[in-house]
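We have chain U already, so just place chain X on it with the hints.
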Amino acid sequence: MNISMREENGIALLSLSGRLDLASGTALKEQVKKLFANNMNSIHLNLAEVEFINSSGLGAMVSIMKETRMRKGRLTLSNLATYVQEIFEITQLSHIFEIFPTEEEAVSSFSTVHAG
Amino acid sequence: MARVTDRITILLAHLQENDTSVRIQAIEELGGFDADEAVAGLVVALEDTEPAVREVAAEFLAERRSTTAIRLLIHFLGHDQISTRNLASETLVRIGAPAVDDLITHLDADDPDVRTFIVDILGLIGDRAAVAALVQCLDDPNLNVGCAAAEALGRLADSAAVEPLVGAMDRMDDLRLPAIEALGNIGDASAVAPLVERLATDDPIVLYGVLDALGKLGDADTAERLAPFLDADDRSIAETALAAVIAIDRRHGGRISVDLSLDRFTDYLFEGIRDHDADITDFTLSRLKRWYGNDVLRGLLGVIDHVSDSDLHRITELLRDVGYPAGKAITDRLKTAAKPLKLRLLDLLVPFVDDELAAAVTPLTADADPDVRQRIAHLLGISGWTGAIYPLKELALDRHAHVRAAAYKAIGWLGSDAQVECIIHGLDDKYPEVREAALGALIIIGGPHVIAKLTADLYHEDTERQRLSVMALGWIGEEEVVSSLVNAVGHPEATVRQSAINALARIGGLQSVDPIRATLHDSNPGVRKATASALALLAGERAVPDLIGLLSDDDIWVRYHTILQLGTIPGDATVDALLPLISDPQDIIKLAAAKALSGLNSQRACSALESLRSDENEDLVAVAEQALSQIGDSA
Numbered sequence: 204m205n206i207s208m209r210e211e212n213g214i215a216l217l218s219l220s221g222r223l224d225l226a227s228g229t230a231l232k233e234q235v236k237k238l239f240a241n242n243m244n245s246i247h248l249n250l251a252e253v254e255f256i257n258s259s260g261l262g263a264m265v266s267i268m269k270e271t272r273m274r275k276g277r278l279t280l281s282n283l284a285t286y287v288q289e290i291f292e293i294t295q296l297s298h299i300f301e302i303f304p305t306e307e308e309a310v311s312s313f314s315t316v317h318a319g
Numbered sequence: 002m003a004r005v006t007d008r009i010t011i012l013l014a015h016l017q018e019n020d021t022s023v024r025i026q027a028i029e030e031l032g033g034f035d036a037d038e039a040v041a042g043l044v045v046a047l048e049d050t051e052p053a054v055r056e057v058a059a060e061f062l063a064e065r066r067s068t069t070a071i072r073l074l075i076h077f078l079g080h081d082q083i084s085t086r087n088l089a090s091e092t093l094v095r096i097g098a099p100a101v102d103d104l105i106t107h108l109d110a111d112d113p114d115v116r117t118f119i120v121d122i123l124g125l126i127g128d129r130a131a132v133a134a135l136v137q138c139l140d141d142p143n144l145n146v147g148c149a150a151a152e153a154l155g156r157l158a159d160s161a162a163v164e165p166l167v168g169a170m171d172r173m174d175d176l177r178l179p180a181i182e183a184l185g186n187i188g189d190a191s192a193v194a195p196l197v198e199r200l201a202t203d204d205p206i207v208l209y210g211v212l213d214a215l216g217k218l219g220d221a222d223t224a225e226r227l228a229p230f231l232d233a234d235d236r237s238i239a240e241t242a243l244a245a246v247i248a249i250d251r252r253h254g255g256r257i258s259v260d261l262s263l264d265r266f267t268d269y270l271f272e273g274i275r276d277h278d279a280d281i282t283d284f285t286l287s288r289l290k291r292w293y294g295n296d297v298l299r300g301l302l303g304v305i306d307h308v309s310d311s312d313l314h315r316i317t318e319l320l321r322d323v324g325y326p327a328g329k330a331i332t333d334r335l336k337t338a339a340k341p342l343k344l345r346l347l348d349l350l351v352p353f354v355d356d357e358l359a360a361a362v363t364p365l366t367a368d369a370d371p372d373v374r375q376r377i378a379h380l381l382g383i384s385g386w387t388g389a390i391y392p393l394k395e396l397a398l399d400r401h402a403h404v405r406a407a408a409y410k411a412i413g414w415l416g417s418d419a420q421v422e423c424i425i426h427g428l429d430d431k432y433p434e435v436r437e438a439a440l441g442a443l444i445i446i447g448g449p450h451v452i453a454k455l456t457a458d459l460y461h462e463d464t465e466r467q468r469l470s471v472m473a474l475g476w477i478g479e480e481e482v483v484s485s486l487v488n489a490v491g492h493p494e495a496t497v498r499q500s501a502i503n504a505l506a507r508i509g510g511l512q513s514v515d516p517i518r519a520t521l522h523d524s525n526p527g528v529r530k531a532t533a534s535a536l537a538l539l540a541g542e543r544a545v546p547d548l549i550g551l552l553s554d555d556d557i558w559v560r561y562h563t564i565l566q567l568g569t570i571p572g573d574a575t576v577d578a579l580l581p582l583i584s585d586p587q588d589i590i591k592l593a594a595a596k597a598l599s600g601l602n603s604q605r606a607c608s609a610l611e612s613l614r615s616d617e618n619e620d621l622v623a624v625a626e627q628a629l630s631q632i633g634d635s636a
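One line per chain: the protein sequences are U and X, in this order. If you want this note's numbering, it's the position in the first sequence, counting the first as 1, plus 203. If you want this note's numbering, it's the position in the second sequence, counting the first as 1, plus 1.
In short, the hints are calculated from the structure, not lab data.
Where chain U lies over chain X, by a calculated footprint (3+ residues, C-beta under 8 Å):
1. 374-383
2. 401-415
3. 435-448
4. 476-482
Note that the coordinates shown come from a computational prediction; the quantities given were computed from them, not determined experimentally. Here a beta-carbon is modelled for each residue, glycine too, at the ideal position from N, C-alpha and C.
Chain U extracted, bound-state conformation (with noise of 0.2 Å):
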């Protein structure tokens, strides 16, 4: 799996292509883990290349999602395939994460929140 990272407006905007699975999910929580190291806490990702996600990818978000609740942070989903939303739906996944049809869109939801 590749994920490619940059950041927009203190958001680190992570697009994942390939596989979600262990060595893959062990390697995006190892990325997020060197985001928080650097006060980042605001983090999306994009799930528009995502392929595959099985048990072990699942377990990796719900993890990344719950080290950024306990960090006061904000994780974001976007472009779920029809898999991987299939997958979300079943597992009620859908109804904790923050998730948008279009990267645009998450991103400008960071923005409303913090306005003002």
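Relative to the frame of chain U, chain X by itself:
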């Protein structure tokens, strides 16, 4: 011509009849004549004792807009009947701009009431051509005319009136307040400096007016000047100053960053939110992040059930930023809240519930209301608090299915594999939503224990349980489930075999190809369709011979599905297999073949597809044309 005059004379006589309908009919007919006598008749009808008659006459006069009508109406502004004066005035306003010149001409009327009427009418018409004349009226010897002129100038909102109004404000005490209001309504920034100077007034009434006017036209600097008035002893003045700052802030998109001491306005602001005042709501919420304390949070939670959904969303996000103190205030408020508010408050906790807050709301797992218990289960699940497991296990035994479902979901989110046995019980629940929640929890937890349990359940006595197990194994998707799924390919239940094949295809890996090939002749067409998809995905070109074999399947939908799968595998062998199908006796097969060939972009398919263009079936023609266009584009 004589006949017209005669008719008008008759109609004017009808205006004296006792019968109202006759008089109305006469007015309606008079409205069709241009002659001055007819217009005069309509104006006279404004004096009619019957309101309906007067209104019909006014309607025709307003439409007519003739000079005669205008002049007669102005004349009627001095009528001794107030109702007639008012109707004449309203009609002139409706006539609008065409009446302005004549109205200005009559501003020298002897009767100050008429002058006042005219000034009011000019203000309501809103034509800036009247500005100069109205400025003159500021010096009218009659105070009412002067005040009306100031108000009218405010309505016309022309910056040319600013200087005369500032002058009038200084010259005449009685004109000061209307002039200040007018300056506020004009909204021209050039009035800011003279108004700011009047902030030093001793007259509280004037001060209210100045504060209000500055609220309408001030900028960020003005807001700074208003800030000290928030500490005024006179509470009304302080609230007026705050309202002015809020108005300035709104006009500047909420970007005014003046430091304001808002603590004494908690009630005022939250009352504004309760009354759905959008400006106050926006202002208060925008300030909340840098201004919160227990009183403020309590005030906010007191109006939480009065705000719109979008404001509730903003409040939720703000509270998330405030964090624990907000959560504490919410949990305190929960103790006395009634059900609808309680549910709303629990929803507010969602973005920032943590271990501590989760522990604080845990007693509500015993709440009498199942909806509250469901929300609590949800909160405990997202809190990530491991201490939530025990109360969640209790909730998994709740007598309400939606509470049990929420509890299983939450246990899954907490991801503890020590709870697998507990979750497995959920798969036996008589309600599908609970079984599905338990299944979701098992998928998240995964791991050897779950896989072993689900693998055993593939041969559970209940076929529904078998179906859930194979689905869950598929979604778990780890390497460890492959052997269980491969075994399930030979399961007695067709739905289990089909789910196993679909899951193996998703997981990938060539080790699944041979076991799946064994199902090419499965007795169930649904399984054979799954086989076609799985082989195409897993084996690609190597699957072509098997897929070609399926083209002779007895079931037309298996053939249809197989053709579409072949369309995903480029190569001559695929095209060779598909081309004859363009002449298949079944339209549905021809359709699938055309679609598949379109995806393969092979020039060799063109002449076969051309032959479909003259087919009687419009769908086939459309697909063929689309396919040919696609192949042409890619050539």
